[in-house]
Amino acid sequence: MTAPELSQPMPRTRKRMNATYRWWWVFQRVSGVILVVLIFTHLFVNLMMGDGVSQIDFAFVAGKWAAWYWQVIDFVMLLLAMLHGTNGMSYLINDYARSRRSRAILQAILGIAAVVIIVLGSLVIWTFEPCPVDATGAFLPGVPSGCPFN
Amino acid sequence: MTAVDTAPAQVGGVPSMTVTLRIRRLNPEGVGDHAAGEDYWEEFQVEAHATDRVLDALHKIKWEQDGSLAFRRSCAHGVCGSDAMRINAKNRLACKTLLKDLNPAKPILIEPIAGLPVEKDLIVDMEPFFASYREIMPFLMPSGPAPERERLQSPEERERFDDTTKCILCAACTTACPVFWTDGQYFGPQAIVGAHRFIFDSRDEGQWDRLEILNDKAGVWKCRTAFNCTEACPRGIEVTKAISEVKKVLNTGEI
Numbered sequence: 001m002t003a004p005e006l007s008q009p010m011p012r013t014r015k016r017m018n019a020t021y022r023w024w025w026v027f028q029r030v031s032g033v034i035l036v037v038l039i040f041t042h043l044f045v046n047l048m049m050g051d052g053v054s055q056i057d058f059a060f061v062a063g064k065w066a067a068w069y070w071q072v073i074d075f076v077m078l079l080l081a082m083l084h085g086t087n088g089m090s091y092l093i094n095d096y097a098r099s100r101r102s103r104a105i106l107q108a109i110l111g112i113a114a115v116v117i118i119v120l121g122s123l124v125i126w127t128f129e130p131c132p133v134d135a136t137g138a139f140l141p142g143v144p145s146g147c148p149f150n
Numbered sequence: 001m002t003a004v005d006t007a008p009a010q011v012g013g014v015p016s017m018t019v020t021l022r023i024r025r026l027n028p029e030g031v032g033d034h035a036a037g038e039d040y041w042e043e044f045q046v047e048a049h050a051t052d053r054v055l056d057a058l059h060k061i062k063w064e065q066d067g068s069l070a071f072r073r074s075c076a077h078g079v080c081g082s083d084a085m086r087i088n089a090k091n092r093l094a095c096k097t098l099l100k101d102l103n104p105a106k107p108i109l110i111e112p113i114a115g116l117p118v119e120k121d122l123i124v125d126m127e128p129f130f131a132s133y134r135e136i137m138p139f140l141m142p143s144g145p146a147p148e149r150e151r152l153q154s155p156e157e158r159e160r161f162d163d164t165t166k167c168i169l170c171a172a173c174t175t176a177c178p179v180f181w182t183d184g185q186y187f188g189p190q191a192i193v194g195a196h197r198f199i200f201d202s203r204d205e206g207q208w209d210r211l212e213i214l215n216d217k218a219g220v221w222k223c224r225t226a227f228n229c230t231e232a233c234p235r236g237i238e239v240t241k242a243i244s245e246v247k248k249v250l251n252t253g254e255i
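Chain order of the listed sequences is L and F. Each step along the first sequence adds one to the number in the numbering used here, with nothing skipped, and position 141 is 141. Each step along the second sequence adds one to the number in the numbering used here, with nothing skipped, and position 228 is 228.
Possibly wrong hints are sitting among the right ones.
The following label-pair restraints were derived from C-beta to C-beta distances [unchecked claim]:
{"#": "1", "chain 1": "L", "residue 1": "Ile109", "chain 2": "F", "residue 2": "Thr225", "range": "18 to 28 Å"}
{"#": "2", "chain 1": "F", "residue 1": "Ala35", "chain 2": "L", "residue 2": "Thr20", "range": "45 to 55 Å"}
{"#": "3", "chain 1": "L", "residue 1": "Met17", "chain 2": "F", "residue 2": "Gly144", "range": "56 to 66 Å"}
{"#": "4", "chain 1": "F", "residue 1": "Pro178", "chain 2": "L", "residue 2": "Thr127", "range": "37 to 47 Å"}
{"#": "5", "chain 1": "F", "residue 1": "Thr225", "chain 2": "L", "residue 2": "Ser102", "range": "21 to 31 Å"}
{"#": "6", "chain 1": "F", "residue 1": "Phe130", "chain 2": "L", "residue 2": "Val33", "range": "37 to 47 Å"}
To be clear, the hints were calculated from the coordinates, so they are not data collected in a lab. Bear in mind the structure is a predicted one, so any value in this text is a computation, not a measurement. Where a beta carbon is used, it is the ideal one built from N, C-alpha and C, also for glycine.
Can you make the complete structure from the sequences, with help from the hints?
Put into C-alpha cells, the structure is as follows:
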C-alpha cells in the first residue's frame, strides 16, 4: 500500500508591485479615513439633527441637494465609497477566485456594477430637480417649503 | 541537614477530571473503515488534572490508548515550536495550553494547522512554510571583513527588532492567516516577521535585498490586516504590527 501523493503548493509567481497597484493601496487607506468622517457626518445630519429619521422624505433630500455643498459632499461620498468598496472587493476576488476564468468574470461583473452605480448616482446628484412642477407650472405636492431656490 | 521528602505526593491536591478530546485524524495508508488519506474525527477520553496541558492529554492517548496517534513535539515547553496545532479552532502550542483554560466540560477539538498538506493526523508538511522563510534570506548579511570582536549595537537599536527575534517558527501565525489559506502564493506572516528581524537590525546590510523580495504582490501587500497572526502567536509577537512596519518602509523608502 502506498501513501497518497501530497498536493504540491502552487509555485510562487513573482509579480512585483507596480505603481498602479501601490496607488490603489494608498488610496484604500486614505479614502477609508475620509469615508469615516463623511459617513458619520451623513448619519448625524440625517438621523440625529432635526426630527431624526422621521424627517427623511422627498422634501428633506430635495432641501439638502438644493445647496451645492451637499451635492459636492454626497458626490465625493458616492465616489469614494464606490471606489473603496470596489477595490476591496477586487482584492477579495484576487485572493479567493481559484481559476483565471472565474477571476476575470467576477472582476468584470464588479467593474460593470461599479461604473453603473457611479454614473447613475452622479446623474441623480447633479441633475436633481428639487422643485419639480406639473404640466401647469405649479409645484408638485411634497416639494420643500423653500421652493423655488436660487 | 538533608532535605527529606516527608509529605506524601499530593495527587489529589489538584482536581482531576475526565476530558474528551476530538482529534482530526488522517492515515495516509488507510485504517479500519477509513480509506487512505481520508480525514475523520476520533474521540478519546482521558483522566487529567486541570493543570495538565493539552500535550499531556495527547501523550496519555498515545502512550496508553492509541499508539498510532501522530503529532510532533520536541522540547514540550514552548520553546521549539514543534507542536503548533489548531485547538478549539485557534492555533496554539499544545505544550502551552492548559486544559482548564479550554472549558473541559465540552470536547476539546484538535486539528492539524490549516493551509499545509497533512501527512498524518496532526503532522503537516512544513516545507512550503520553510521555503517562504528561506526566500527572505534569514541570515546576517554584513559587508566588509568580519570585525575582531562583537558587532556592537545600542539598546535603542536592538529595541527596534526585539519583538520579532522571539519567533520560534512554529507556523501558528502563517497557518492562521486567511490569505495564506487561499492559494499558497502569500509568503505568510512568519516569513515577514523573519525578514523584519533583519531589516531593522542595525548590523545587517541586506535590508533592501529582503525588502525587494517582500515588495511583491504575494509579499507584504497581500496582507489584509486580519490580525489572526497576532492573535495566534504563542510568543506574543505583534505580527501584524511588524508587517505594517515593513509596508511603511516600502512606502516611505526610509528604514
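Results for each hint:
1. The supplied range of 18 to 28 Å is met by Ile109 (chain L) and Thr225 (chain F), whose beta-carbon atoms lie about 26 Å from each other.
2. Between Ala35 (chain F) and Thr20 (chain L) the Cβ separation comes to about 48 Å, which falls inside the hinted range of 45 to 55 Å.
3. Taken as a hint, the range 56 to 66 Å is violated for the pair Met17 (chain L) and Gly144 (chain F), whose Cβ atoms sit roughly 31 Å apart.
4. Distance hint check for Pro178 (chain F) and Thr127 (chain L): the Cβ-Cβ separation is about 43 Å, which falls inside the suggested range of 37 to 47 Å.
5. Distance hint check for Thr225 (chain F) and Ser102 (chain L): the Cβ-Cβ separation is about 25 Å, which falls inside the suggested range of 21 to 31 Å.
6. As the Cβ distance of Phe130 (chain F) to Val33 (chain L) is approximately 38 Å, the hint placing it in 37 to 47 Å holds.
In terms of the numbered hints stated before, the structure departs from hint 3 and from no other.
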